[in-house]
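K.L.:
Read off the chains here:
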Amino acid sequence: MAKGIREIRGRIKSFKNTRQITKAMKMMAAARLRRAQEKAEAARPYARKIREVIASIASGTTAVKHPMLESRPVKKTGYIVITSDRGMAGGYNGNIIRKVLQTIKEKHKSQDEYAIFVLGRKGRDFFRKRNYPVIDEVVGLPGNPTFADIKKIASAAVQMFADEKIDELYLCYNEFQSAISQVPTVTRLLPLNAVESGEQRKVNYEYEPSAEEVLSVLLPKYAETLVYSALLDAKASEEGARMTAMGNATDNATAMIDKLTLEYNRARQAAITQEISEIVAGANAQA
Amino acid sequence: MSKMTVEVVTPERVVYSGEASMVIARGVQGDLGILPNHMPLVTPLKIAPVRIKTEGEKEIRMAVSGGFMEVRGDKVTILAETAELPEDIDVERAKAAKERAEKRLIDKHPDLDIRRAERALQRAMARLDVTNNQ
Chain Y
1 MAKGIREIRG RIKSFKNTRQ ITKAMKMMAA ARLRRAQEKA EAARPYARKI
51 REVIASIASG TTAVKHPMLE SRPVKKTGYI VITSDRGMAG GYNGNIIRKV
101 LQTIKEKHKS QDEYAIFVLG RKGRDFFRKR NYPVIDEVVG LPGNPTFADI
151 KKIASAAVQM FADEKIDELY LCYNEFQSAI SQVPTVTRLL PLNAVESGEQ
201 RKVNYEYEPS AEEVLSVLLP KYAETLVYSA LLDAKASEEG ARMTAMGNAT
251 DNATAMIDKL TLEYNRARQA AITQEISEIV AGANAQA
Chain P
288 MSKMTVEVVT PERVVYSGEA SMVIARGVQG DLGILPNHMP LVTPLKIAPV
338 RIKTEGEKEI RMAVSGGFME VRGDKVTILA ETAELPEDID VERAKAAKER
388 AEKRLIDKHP DLDIRRAERA LQRAMARLDV TNNQ
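Sequence order for the protein chains is Y and P.
Sequential numbering from 1 applies to the first sequence in this note's numbering.
Sequential numbering from 288 applies to the second sequence in this note's numbering.
Keep in mind the hints are simulated off the structure, nothing from the lab.
One or more hints might be untrue.
List time: in silico DSSO-like cross-link candidates among lysine-lysine, alpha-carbon distance up to 27 Å [stated by the list, open to error]: (1) Lys26/Y to Lys75/Y; (2) Lys151/Y to Lys385/P; (3) Lys290/P to Lys151/Y; (4) Lys99/Y to Lys129/Y.
For reference, chain Y alone in the conformation it holds in the complex (with noise of 0.2 Å):
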């Protein structure tokens, strides 16, 4: 019996030690994330900004075409998807993998039609694993990710937009609701829907050199900008998510210890018991 007790005592020892980690996980998680939301704030004006011009000159007198704007035939598709590094986010990495998964298996037969650009170590090794046409990937991102950091990516896949090597090119990342919840989204990025400013404030600019050219120029910033504060906004989510995930553990590990110290509690009282009753049977023996 004796045994049973140190058993059950190095057991609460060591959740003790689990929901310290746990603990701290969670409260760097939370700290963490109030930065990423601050970061997400900060990116806002930047794309606010590339939006208005951009819908100003849509919006503008002579009809602007740009291949950014216009759909054509799909023949090949391609997925920007934005996971994270690290595990211990509860389902994070898992929802927005099987969401892409579905949105691949519903619209794709064979793996021809589609190619990946992946962000993170966790999904890039899952798609890579399972031989998926990953085409480019970036990992090591740090916490507080900057412009110059994803720009790399960011290009190369609107640039085979742009060189028409895919027709398509989605978004999907855990889209920030909240600190507990996060939804899976997988959006259309180009061809660019159409731009509508909230306001309509008409300006009548002057482009210089032309309209066209800053067009041109603006449409793939903005398609940039766009993939940076969905990456924002995944790392928001991210920390989120690994703050409720910690949390729950943290939970479970109390809840756990509450048991085997109830558990340890009655061995120690068995214990007695049965010591008490062998003096006594003892004692009476020798009467």
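Using the hints, position chain P against chain Y.
P.N.:
For chain P alone, coordinates are given in the frame of chain Y:
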């Protein structure tokens, strides 16, 4: 003297926001001096320093790359992939980058991406220019 508001924004943050009496930037077709009440204008910018003259005759210089400028009424907005104030620039690094890019362009390695090297050189020169290290 009339004034206008100037904002310099990168995807990551608002780098500069304030009032100015004149903005000088290098557009794709040459240098542009923007004074208050300029007509609305949109133009991409070259990789070059942007100069913002504020009221007290002070001049703020900034190394801007991958940007464009929007002028509307009394507001000038410069959107750029990177925009750095002199105090944010690592001079040693920019010098090293300049040398590296120059060497690449001289060596003419067969699989050299010339445009990329040129852009790197322009960025380095813009950075050195705003920090007054040519």
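K.L.:
Indicate, hint by hint, whether the structure satisfies it.
P.N.:
To see whether the hints hold, each was checked on the structure:
1. Lys26/Y to Lys75/Y: Answer violated: Lys26/Y to Lys75/Y is near 44 Å, above 27 Å.
2. Lys151/Y to Lys385/P: Holds, at roughly 21 Å.
3. Lys290/P to Lys151/Y: violated (35 Å)
4. Lys99/Y to Lys129/Y: holds (18 Å)
Of the hints listed earlier, those the structure fails to meet are numbers 1, 3, in rising order.
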